[in-house]
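Peer 1: Chains U and D, in that order, give the protein sequences. Start counting the first sequence at 1; every next residue gets the next number (the working numbering). Start counting the second sequence at 1001; every next residue gets the next number (the working numbering).
Quick caveat, the hints were computed from the structure, so don't treat them as lab data. Just so we're clear, the structure is a prediction, and the values are computed from it rather than from any experiment. One or more of the hints may lead you astray.
If you want the footprint, here are the derived chain D segments under chain U, 3+ residues with CB under 8 Å [stated by the list, open to error]:
no.	segment
1	1003-1014
2	1019-1027
3	1050-1063
4	1067-1079
5	1083-1090
All C-beta atoms, glycine included, are put in the ideal place defined by N, C-alpha and C.
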Amino acid sequence: MRIARVVGTVVTPVQHPAYDGRRLLAVRPLSPDLSPTKDRMFTAVDRCQAGVGDLVLLMAEGSSVRDVVGDADAPIRTAVVGVIDEITLHGEVVYPSASGTPDA
Amino acid sequence: MHLARVIGRVVATRRITGLDGEKLLVVRPVDERGEDAGATLVACDAADSGLGDLVHVCDGRESTLALKESFVPVDATIVGHVEEFAVDRDVAAGAGGVADVLPGDDAPQGGERTRAGTTTGDDALPADGPRTGRATRDHGTDPAR
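Chain D extracted, bound-state conformation:
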């Protein structure tokens, strides 16, 4: 599972049974700064995402479990819309993520936890503000949901 930015959409009228009605979006994985990290991929959308959104993507076999049909040829599905993404810059740098490019001077002293991303980052991640709705999908009759 990873975070990604929605950068486009795919329309495919003729598609395999089971993928009917699934929205296909082009997403690009992001790193700790919300910047591009890795190859773009096409993902189904289970969270009403739109262009430019920062989203949570589930990959692999589990990605189909978020769809109406769970035995379909899908290997990535958007399962959440990210409202806030907080990163500890020092920890991220120590883990080898973005050590050489993370700005360090403007961070609070004493290694305090700082936020990079949707809430306080300079290059704000999603620009459309928090959403209040919920994913409006039919996930069957499981009472636990």
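Chain U extracted, bound-state conformation:
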């Protein structure tokens, strides 16, 4: 699983039926200390009512994701499986930041 920031939303009216009723989010992966990575933006199905700006837990492994969405035949590869409240690295809280502003 990876840590990512939700940067946007995607609407696809014409889509594979497995996506019907599911929210699609645009996310960008971050490293655990929340610094940017070289990975490009990609999309994920929302399972946690995540919103734009949220720091989320991303599952990017196909079969587990199909398990999470409850459809073994769904062409879905990536899902948001958690909204992150706190991250501690080496005993230090890196999220939310000490200043109290999550996005600082």
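Dock chain D against the given chain U, drawing on the hints supplied.
Peer 2: Below, chain D alone, put in the same frame as chain U:
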């Protein structure tokens, strides 16, 4: 899974059994601004896409699950046609996406959420407007679909 722009098509008459009848399109992944990001690839089409469309692409093993035959050598399939793609510019910049090139001055004050892309973006993404049809593929007899 990612967003991409359809930039071409591939015709291959002689192909492996199981890929019969699958439309092959050349797509190029896009970033938060809808601009090119990454190498082009060939994807099967399960969403009736056309040249210039902004599409949703599923990659990896799961991409074959959108096709009639699910055990075929395919690693990318178009599974949706994007009508609207809304990005929070501030959040995207903070996540390292397009920080240095995102226009900031024309955005509403106070860090309000702005839309970039199909609906209000200057360089509008798809130009052919919303589609009303649905993907017209036979996905078997699963009653849940």
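Peer 1: Hints first: check each against the structure and report whether it holds.
Peer 2: Verification of the hints:
| no. | hint | result |
| --- | --- | --- |
| 1 | 1003-1014 | violated (count 1) |
| 2 | 1019-1027 | violated (count 0) |
| 3 | 1050-1063 | holds (count 7) |
| 4 | 1067-1079 | holds (count 3) |
| 5 | 1083-1090 | holds (count 7) |
Of the numbered hints given earlier, the model fails hints 1, 2; all others are met.
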